[in-house]
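There are 4 protein chains.
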Amino acid sequence: MTEIGIGIIGGGYMGKAHAVAMSAVGAVFNTALRPRLEMICASSPASAEKYRVAYGFARATDSWQVLVNDPKVEAIVIASPQETHCDIAQAAFALGKPVFCEKPLGASLEQSRAMVAAAQGHTNMVGFNYIRTPASQFVRQLVAQGAIGDVTWFRGEHTEDFLADPDSPATWRTQGDANGTMGDLAPHMINGALALIGPIRAVMAEVEIVHTSRPGGSVTNDDHGQMMCRFANGAMGQMYFSRISHGRKMGYAYEITGTKGAIRFDQEDQNAIWLYTTDEPEATRGFRKILTGPAHPDYLPFCQGPGHGTGYQDQIIIEARDFLQAIETKTPVWPTFRDGMDVNQIIAAAMASNRTKTWVDVASL
Amino acid sequence: MTEIGIGIIGGGYMGKAHAVAMSAVGAVFNTALRPRLEMICASSPASAEKYRVAYGFARATDSWQVLVNDPKVEAIVIASPQETHCDIAQAAFALGKPVFCEKPLGASLEQSRAMVAAAQGHTNMVGFNYIRTPASQFVRQLVAQGAIGDVTWFRGEHTEDFLADPDSPATWRTQGDANGTMGDLAPHMINGALALIGPIRAVMAEVEIVHTSRPGGSVTNDDHGQMMCRFANGAMGQMYFSRISHGRKMGYAYEITGTKGAIRFDQEDQNAIWLYTTDEPEATRGFRKILTGPAHPDYLPFCQGPGHGTGYQDQIIIEARDFLQAIETKTPVWPTFRDGMDVNQIIAAAMASNRTKTWVDVASL
Amino acid sequence: MTEIGIGIIGGGYMGKAHAVAMSAVGAVFNTALRPRLEMICASSPASAEKYRVAYGFARATDSWQVLVNDPKVEAIVIASPQETHCDIAQAAFALGKPVFCEKPLGASLEQSRAMVAAAQGHTNMVGFNYIRTPASQFVRQLVAQGAIGDVTWFRGEHTEDFLADPDSPATWRTQGDANGTMGDLAPHMINGALALIGPIRAVMAEVEIVHTSRPGGSVTNDDHGQMMCRFANGAMGQMYFSRISHGRKMGYAYEITGTKGAIRFDQEDQNAIWLYTTDEPEATRGFRKILTGPAHPDYLPFCQGPGHGTGYQDQIIIEARDFLQAIETKTPVWPTFRDGMDVNQIIAAAMASNRTKTWVDVASL
Amino acid sequence: MTEIGIGIIGGGYMGKAHAVAMSAVGAVFNTALRPRLEMICASSPASAEKYRVAYGFARATDSWQVLVNDPKVEAIVIASPQETHCDIAQAAFALGKPVFCEKPLGASLEQSRAMVAAAQGHTNMVGFNYIRTPASQFVRQLVAQGAIGDVTWFRGEHTEDFLADPDSPATWRTQGDANGTMGDLAPHMINGALALIGPIRAVMAEVEIVHTSRPGGSVTNDDHGQMMCRFANGAMGQMYFSRISHGRKMGYAYEITGTKGAIRFDQEDQNAIWLYTTDEPEATRGFRKILTGPAHPDYLPFCQGPGHGTGYQDQIIIEARDFLQAIETKTPVWPTFRDGMDVNQIIAAAMASNRTKTWVDVASL
Ligand SMILES: NC(=O)C1=CN([C@@H]2O[C@H](COP(=O)(O)OP(=O)(O)OC[C@H]3O[C@@H](n4cnc5c(N)ncnc54)[C@H](O)[C@@H]3O)[C@@H](O)[C@H]2O)C=CC1
Ligand SMILES: NC(=O)C1=CN([C@@H]2O[C@H](COP(=O)(O)OP(=O)(O)OC[C@H]3O[C@@H](n4cnc5c(N)ncnc54)[C@H](O)[C@@H]3O)[C@@H](O)[C@H]2O)C=CC1
Ligand SMILES: NC(=O)C1=CN([C@@H]2O[C@H](COP(=O)(O)OP(=O)(O)OC[C@H]3O[C@@H](n4cnc5c(N)ncnc54)[C@H](O)[C@@H]3O)[C@@H](O)[C@H]2O)C=CC1
Ligand SMILES: NC(=O)C1=CN([C@@H]2O[C@H](COP(=O)(O)OP(=O)(O)OC[C@H]3O[C@@H](n4cnc5c(N)ncnc54)[C@H](O)[C@@H]3O)[C@@H](O)[C@H]2O)C=CC1
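Residue numbers (the UniProt record's numbering), protein chains in the order written: chain A, 1 to 365; chain B, 1 to 365; chain C, 1 to 365; chain D, 1 to 365.
Here chain A stands alone, though its shape is the one from the complex (with noise of 0.2 Å):
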């Protein structure tokens, strides 16, 4: 058991969600390297002591260089705004330390491409989340075994709710390509669809702001988006990514038809799965509801009784626990860096469509 230092930029939402997951993964998963909670770094000096007595964190800064190049910082997480991403991630892999960055990567895709490019022979990891409940890593067996048979159609969506009241005001999050639904949502989903079906060849996609003005000024980024989308197996596929979708708190939710069955799935209600298989008579066959337990992927350390279900904050700790074996092993864990950029680059191709009105092949861009 050895220590390793943490350091995390940003002690919001995701900062807190990473110091509380850095904390916890060492008892969960009896890890071999453990987690000091060494560092924080916000935007003031007055957040940032904030979030370090909250968190229990030895040290706070408000410069991010500070707590990169910060000796007893060993391996850093990115919890920032998506504009900060690049340049501190390049600063780390300078210095050769770890790299685990919130998603998106970059806050386009040249800068994902750039941060891909520096994290070459480093440990290097993204965050995304959702693919990795239990259920979700579940599903993707399912599907790489064939348990539904070659896979012929995927609906996907990331909807929620946060803006769908138009009266809710402009702010920072309604400004800039980067904060916007596809820049901020559809990476999540975007990402699924690439790691339960595989490559997207192609494209077409219609993004829009639906209100163009809020209380307290205009606005800037897409509020929704749509895509039809041909995987490289030949898979057709539809997806939809929404902050204005009234009801929806957590639309993560996807569904994936194959010649010999299909499995559906939403974040909504993350501890079951929907399983539908031919193997039954006819009037015995339907859609099981298969609840997670210590049967699927990384649940049994969180609980030996089934059904008794993770919830967000467990899949944080997931993720501290394969960058913290990335680090120990010097093996990449997926998803990395270029998973990363994988889903930059559709988005990109998604935005191109929505301009040209036409298809857009992903290897384009």
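A couple of the hints might just be wrong.
Put simply, identical chains are the same to the list, so a pair is met inside one copy or across any two.
[Unchecked claim] Computed list of lysine-lysine pairs in BS3-like fashion (alpha-carbon distance at most 30 Å, straight line):
#1 330 - 50
#2 357 - 97
#3 330 - 97
#4 330 - 72
#5 72 - 97
#6 72 - 50
#7 357 - 72
#8 260 - 97
#9 330 - 260
The set of hints was computed from the structure by calculation and includes no laboratory data.
Let chain A serve as the given structure and place chains B, C and D with the ligands on it in line with the hints.
Just chains B, C and D with the ligands now, kept in the frame of chain A:
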């Protein structure tokens, strides 16, 4: 109470459904006109006679011309394959007889246009039954009344799995555009979209044969198709149609998001409407599962108890009531042939889009 | 194909349902006997005449004696209040006429016993429609075939909310044991329990009036009741019946656990059966949501497509088919008066248990 | 921020859960007291050492007396089998140390009473975690605030299937009342019933061993049990507990009906509350599926996004927060040992009722 002689062409799936409906509709809805099962027509004398006995018709024939021309046949229900609809309807209208035609209206847009022209001045209806359930009628009212605000997003599907098994043999169902998924299944949901949201301005579609050969021969029509669409009122939308969706038996399902709420519906649980509104405080907001009952359109005549449920056959009884009422009052009852033609136009636009891989203006067809 | 003259007593909720069923049943099931709507009876000449016109009967009367004695009335459906069932049935059997009687059989166990005695040698059926759905018929087969092993546990409920509002006025429904929850709602589920699991040996019950006074007067019959029960095969069970269950519209629901699996059903989603078996490995076990279809009992005559669904009215059509078949074949079709009496016996035992606050042997009643 | 030395007795299922909780709780809840994992105790030196390393404790022991008496152990968590709870708690209280004890409080009512007596003046809590989820805490508030009016009916169950297979071997779990279904599973739901509805006045129960012999020996404790109960506020209720409920993995589920609405909950979908109220017009009434989020108790510290969900481990973190707060503020935090004792009293009454086959007054025990 006046009797009216009914002639039905086709004694199969839908011919029977309409025969039962005509037997029951008087008692259910206390209609002014009371159907008399005058004549049934099928492909052969033997099958026609078999249906006559089974359903209780007075006479049988294997010639639709005989049926159409029979003076005691005062109203005609077309429940034969799509290719036959146009000729029969034209012949009936030439004699001034009311016609109810199963979906799709014609086997092509051209046929549908000819049928609408022929229908001028005569009672005409088309068989979109799914939009006539108590649930979907009520949803239509909710949307029209603004219960969920302005519609921003629509997703619809009509998915079944009767050809999901790649080893299902090639039959007449796997030949000819009118029997493919776009021709045969898509009409219901396209009609639903038009009824719930309004006219569609443009579509971008993909349609394909997944299993190009099946035991017994090659397949010439589409297994599934998808489209993105733009409604005249500005709403964005997505649809999917499939006969190879393992696990889906009656996947006529839609989601409608508006600026003030959302609605979800799935025909596989046809007596439930899911409504989300923002009237409650955040802590008690959620999709409400509303069970149909006497408070919803056309439910009470079937049952005094809410939640007791209507079924497939009841939809056809509702259609029969509408048809009789249209005849009696000489006032068109929705959906008419024009609605059927509108659906064919969208399908034609989708097929064109699939060929050109571009957005297609519906009006251009 | 032979005609048979049908007389229905009662033109309300169930009188109408049976009139519609008799109109439709021939076409649906291609029955050997074909109903002719001969005479309808209601409390007053005016209402009887109104129903005659609405449902399409040849004649009307306000005297059930006239109906029963009419030579053209060859089979009788009793759809009048529980207090009337016994006299009518006895009179009809005295003339050797077949009788279908709505549930509960008699207004008391004594009446039911008299009715069974009178029914000896004559065609007799009782109106437990919920057990006759395609779904519950199939569940019955599954249990009987041992699909879930030996039954260890049963939970049943029949809950509705038509009197849940304490401000709903006192009416005839709130007077008299036979109209209380135990008298009026419990019979369906008790019959279900007997059909699915087998005879009940002993019960321990609690029955009570929750809202003892309502606008318009005091209430003399029970709002809800519960019981624990022991089946003859050793299984343990629990039931609950209520007319004050807010939110429940047709809460005829049951759960059956066996040594090899389990089944769940809720009439509010009447076309779905939830089946859990242990054939699969742990990781893919789950309750399967099976949608009714042509593979299930009595579904196909209503629709060729699975998942398209049957509804409340269809249950009554199934009953009509059974009644006609029992008449034609002179062979009893389940459930007969004896089954109705068995239900009354359980209810009598429950009422006794409620008084004595002890377990009551059903055989002791 | 003050450190506090934590000692945990037991390193299995719950010992681990509490170790993880103590590692994470500071960062999650920004607690004033910060746990230091001081010592862990298990049955053997080897297992204790294994747990020490895995969970990150400073020291290990195989003697709970050593742990309890250690001066650096300032607060004690009992996560060892039920038979050990009483002795440990008494020893700890004798030293004035705060104790958190897993459910059930004692292995018998007598033990629980002794434990409550010993706890006088000391910080004490009992581990009913299911009532501490954001969902069930919110339900408790709703009921208390009268959101569904006066409660008329309660149904609760705690059902699992870990011994549903008759071929599962006999182990220590199948020996001794405290490890039977009434002793081991019932406490959670009985506590839930008391918390949600209020005190229970009398019970009528049935408890039984279904599989009296299993591979490896005979079974001496109950497989399932049911009871009818009467609450002090007059409400009627029904409960069921089982370890042989095929298909149920975490069947902690309840339904509460009131005079103005109803609530349904199932721990297998732990982030959803189903609420029915009568505020809307009939046509739009229905059970609302409310997803937990920042608007619900104790959710926000885990995640800023609604619908993102908490899991089993999070419940234990909430308990840890409560325990630390009770210690810090020297103010009891619900549920205390008294609540644990109340549960044991109901169980004792149920066992007595099962023996006598009569209603048993809870106060008589
Ligand atoms: N995986 C997931 O489920 C989620 C991922 N995210 C991602 O996590 C990242 C952070 O988002 P949130 O936590 O929601 O944001 P937040 O606004 O809650 O927190 C951002 C934090 O970054 C700090 N920060 C901002 N600029 C900084 C700078 N230049 N230097 C140092 N610190 C700086 C702020 O002080 C704050 O503590 C984003 O990339 C976002 O896309 C966000 C939410 C969920
Ligand atoms: N609204 C709905 O839910 C459904 C609508 N349909 C539509 O109903 C129509 C009939 O389809 P099904 O009933 O499924 O077909 P089917 O194959 O079950 O029955 C077709 C009937 O038409 C008769 N027929 C065929 N050619 C004929 C001709 N030239 N002259 C006279 N009779 C002829 C056949 O003898 C047969 O009785 C189609 O247009 C179909 O698209 C079908 C199924 C469901
Ligand atoms: N199987 C099921 O799902 C249901 C069964 N029922 C049963 O059906 C029976 C009728 O109930 P509803 O139709 O709800 O009642 P209702 O009040 O709607 O109709 C009762 C009918 O009986 C007639 N009637 C009353 N007394 C009569 C008399 N002495 N002679 C002739 N006619 C008389 C009335 O005029 C009226 O037409 C009851 O036994 C009831 O328990 C009722 C509802 C559902
Ligand atoms: N709140 C909840 O959800 C749950 C509560 N429990 C409760 O937690 C307690 C522990 O149960 P599990 O963790 O499932 O058991 P377990 O068998 O997984 O672990 C028991 C632990 O106690 C230790 N132990 C046994 N006897 C001991 C002794 N005399 N001295 C010191 N250590 C001893 C064992 O070495 C082992 O580490 C029980 O009271 C049980 O009822 C158990 C499971 C779930």
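Please flag the earlier hints that this structure goes against, numbers listed from lowest up. Hints 2, 7, 8 and 9 not satisfied by this model.
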